[in-house]
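Engineer: Residue strings, one per chain:
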Amino acid sequence: MIDKLSWVAAYPEILLAVMTCVIALADLAVKTPLRGSTYALTLLTLAVVAVFLGMAGASGSTIEGFGGMIVSDPMGNWLKCFATIALMATLVYGRAYAGARDMLRGGELFSLSLFALLGMFVMISGHNFLVIYLGLELLTLSSYALVALRRDDTAATEAAMKYFVLGALASGFLLYGLSMVYGATGSLDIGQVMASIAGGEATLKGSVQVLVLGLVFVVAGLAFKLGVAPFHMWVPDVYHGAPTSITLLIGGAPKLAAFAIVIRLLVEGLQPLAVDWQQMLAVLAVLSLLVGNLAAIAQTNLKRMLAFSTIAQMGFLMLGLMAGVSGGDGSNMANAYSSSMFYVVTYVLTTLGTFGVIILLSRAGFESDTIQDLAGLNQRSPLYAGVMAACMFSLAGVPPLVGFYAKLSVLQALLASPSTFHVGLAVFAVVMSLIGAFYYLRLVKVMYFDAPTQSAPIEASLDVRSVLSVNGALVLILGIVPGGLMAVCAQAVAALFA
Amino acid sequence: MGLLSLAIWTPILVGVVLLALGRDQHAGVVRWVALLGALAGLAVTVPLYTGFEVGSAALQFVEKAVWIEGFNVHYHLGVDGISLWLVLLTAFTTVIVVIAGWEVITERVNQYMGAFLILSGFMIGVFSAQDAMLFYVFFEATLIPMYLIIGIWGGPNKIYAAFKFFLYTLLGSLLMLIALIYLYVQSGGSFALSDWYRLPIGGTAQTLLFFAFFAAFAVKVPMWPVHTWLPDVHVEAPTGGSAVLAAIMLKLGAYGFLRFSLPILPDASHEWAWLMIALSLIAVIYVGLVAMVQQDMKKLVAYSSVAHMGFVTLGFFIFSDLGMSGGLVQMVSHGFVSAAMFLAIGVLYDRVHSREIADYGGVVNTMPRFAAFALLFTMANAGLPGTAGFVGEWMVIIAAVKANFWIGLLAATALIFGAAYSLWMFKRVYLGEPGNDEVRGLSDINAREFLVMALLAIAVLAMGVYPKPFTDVMDPAVAELLRHVANSKLN
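Line by line, the protein sequences are chains A and B. Here my numbering is used: position 315 in the first sequence is 315, and no number is missing along the way. Here my numbering is used: position 226 in the second sequence is 724, and no number is missing along the way.
It is worth saying that the hints were derived from the structure and are not from the lab. Just so it is clear, CB atoms sit at the ideal spot from N, CA and C, and this is done for glycine as well. Please note that the accuracy of each hint is not assured.
Chain B regions said to be covered by chain A (calculated; three or more residues, Cβ under 8 Å) [to be verified]:
(1) 641-652
(2) 656-662
(3) 676-682
Pulled from the structure, derived: some chain B residues nowhere near chain A, Cβ distances all over 10 Å [claimed, not checked]:
(4) L504
(5) F569
(6) P698
So, partial list: chain A residues that the calculated Cβ filter (under 8 Å) puts toward chain B [claimed, not checked]:
(7) G330
(8) L415
(9) G483
(10) M486
Only chain A is shown next, with the shape it has when bound in the complex (with noise of 0.2 Å):
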């Protein structure tokens, strides 16, 4: 069962976890506040497996491990190799914003960072029930450590508990979904699952309501674990609570891990029942549009407004996630599914931007977290009110920005059927997103219109800068020129179906 190609099916995962824990014992031997070597090698580690991990994408190959538990396939190599560059800069930006919080009295920030990741990979790289599963626990269960990390705050504590008993009440959820599908079909690898819903084995021992019911649960599970309304309750508090830099990284890799199994599950695992999950993901959609961006617009803090806004655009990409069928008609999905995955790549990137600068304008004793606080930044740096400013178009889809051409591709999936609802979803979407339009607009109004109520100086070292401005410019270089990651997204999906 463990054969040569398990290894290297996994080394990026077993790399990275040989790396963390020599990362952890490396750090007793660190004194200094700021934990500079820690930080180092953890960059050195990030950086050599984004690496690996990108050439791996690139060879287009697709290799299955430990008998089929674990598969190393275009598409989980590329979201792996977005993963780990976005928790990259997540360390980047937040490390002084963590130091200057008491947050780095030992290296915990980056040994559970890197476990949040690893448990990412296992989740994009799983092919069976339970290690998808056993990849969600170890990243939530290091989230959930991450967000009370600041240990001495009540409003982390809160938050930190608040997201691990709803955490632990979508695990189960999950599990218990994931549980009735193993009790229809007889199996818990994925690949066998489809096998036997289309090949009619499950249906035949009566068993389709089991399924199905089993279904709801895994799409409330996953609902739960991408924030999409109406199971959203955890995501502003959560976002609110939570240290900013902690805030970041539960916000950003994770998305791409989640959309990871949502594709694992319910296209490889289930897409016989498309019709059945479709329609949920169609609900969901709905709801997280209008519950998102109504509830954004009220918002004065910065982090619940974002909250919500993630909340809105994680409605946007169920929309992509379910124009892959129609009618029976599959021909769509690899269409749908790359569109959705280049949204959901997009979208980390603008969040990563975003949360970037608000991390920079915190500081000791300063949180930068209401919307005033970033008034007037055109005038104290014209530079981060850039950064900040594309973020905030490329969120409401105006282009060249590249969220334009993640809300293009998703809405051109949509209509590729042009079947009246279909195009009623599409029309219901572009006035929810000028509904969204109009608080990102606000927040671009208060950097660009207002006079500054701060005066502090904005203090940046030469990492954080440096990232900030490439991760800036990507938002708008990328929509000046998107075809490449487009092509990208393409090449990873259509392997799924190859």
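Fit chain B to the supplied structure of chain A, relying on the hints for placement.
Structural biologist: The following block gives chain B in isolation, referenced to the frame of chain A:
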């Protein structure tokens, strides 16, 4: 790199350099760099005119390259007789607004100048794009610099105006985006306009698409009843912003009707022409009357813009050579005249800091040279023969009379209203005894302002006296377009 690419990217690159490098300590350098950039942008459009083959309806200066392979989107540029003058007008207006903002803007000069240069590149992109997605990207991208221009350098109520501008126009464009994607799917995965011109489309689909395009373009023109954003925005925008908005951005909408609605949806265009003509006539007459009662000079000119743009859409939907050429000529002439009107108001506003007509009176006594220019532009706004304002309106009215006497009659009343509100404003602001001490203390325009006014005056007179270079370029393209519109695309 072709000439059109140069025309688009020269101002954008200079604008980006200004954003990256400029500081207010070096405002002087920034202004000169901006002026050089605008002049370079104008200079590269000159060969477009001299090299343009008059008498041909074909696209010229074509550039085509793959842009987004996955969606079959091409970087496809080209101009014909319809777009050539709009490209030139854009480059010219950019030079004017850079000079006009020279001393007036003292804060964040680099961002101001950069925004206008980038905006200029985007707008030239709209006029030369032959790929629907490229068109849409440029069309939407213009919102960002304009939003910032209004919001940063605007008047007291600038934030309301900036949001109204952005959200109002965004709603229309988003509906158009759905129409574009629908056409992309229907045409088997192509965004090329030339493919869409040949694509057969059913009746109901044409009607729905027509109204989706209508949502985007009518808001931009703006047509009655979706014009309400324009007065609010004009009042609050800085002078340069108003000039560019009236001179060029409104034309993006009218141009969209010509490039999308008419040739892609000929049957729906004919079917709904009555509605378009009715809305245009309401704009011409009702909004003309509304203009008459305004107390605020900028609002008055804004409403008069809506009325003048009514002529443009009226000319388009009569479906005759003369009407369509007239609409196009009106687009260009309104570009010169409205820019001149707003810049003239800007000259007064810089001195007195009021736009209320009541705060003026007798300006001619203290600013005789300026008043002479203002009189010329006012006459042009009223459509006096010999000025640019006359040619287009006259052509549209003739075409309207040919099509239906009553439409022609109603359209012609606009000349009366136009004269009434323009001349009445001129009388109240410029003539008579000086109205107050502030007017008594005014100083006449300086050399820079004289230059701006003179350039526009030359353009207004030249176009009014000798419009042949304009119509000669437009005629073949208009004939070609009408040929498209005459062919039914129903199956």
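Engineer: Using the nearest Cβ pair, does A:L415 come within less than 8 Å of chain B?
Structural biologist: holds (5 Å)
Engineer: So, as I understand it, the hint says A:G330 touches chain B; can you test that by seeing if any CB pair is closer than 8 Å?
Structural biologist: Since chain B brings no Cβ nearer than about 17 Å to A:G330, farther than 8 Å, the hint is violated.
Engineer: Taking the closest pair, is the beta carbon of B:P698 still more than 10 Å from chain A?
Structural biologist: With a cut-off of 10 Å, B:P698 remains clear of chain A, as the shortest Cβ separation is near 16 Å.
Engineer: Okay, the region 656-662 of chain B and chain A, do three or more residues pass the C-beta test at under 8 Å?
Structural biologist: Holds: 4 residues of the region 656-662 of chain B have a Cβ under 8 Å from chain A.
Engineer: Can you confirm whether chain A covers the region 676-682 of chain B, using C-beta to C-beta distances below 8 Å and requiring at least three such residues?
Structural biologist: Since 4 is at least three, the answer is holds.
Engineer: The output says B:F569 does not contact chain A. Does that hold with a beta carbon cutoff of 10 Å?
Structural biologist: violated (7 Å)
Engineer: Counting residues of the region 641-652 of chain B that have a beta-carbon nearer than 8 Å to any beta-carbon of chain A, does the count reach 3?
Structural biologist: holds (count 6)
Engineer: How about A:M486: closest beta carbon in chain B under 8 Å, or not?
Structural biologist: holds (4 Å)
Engineer: Does B:L504 clear chain A by more than 10 Å, comparing its Cβ with all Cβ atoms of that chain?
Structural biologist: Given that every Cβ of chain A is farther than 10 Å from that of B:L504, nearest at about 17 Å, it holds.
Engineer: Does the interface hint hold: is A:G483 within less than 8 Å of chain B, judged Cβ to Cβ?
Structural biologist: Holds: closest Cβ of chain B sits about 4 Å from A:G483, inside 8 Å.
When each numbered hint is compared with the structure, violations occur for hints 5 and 7.
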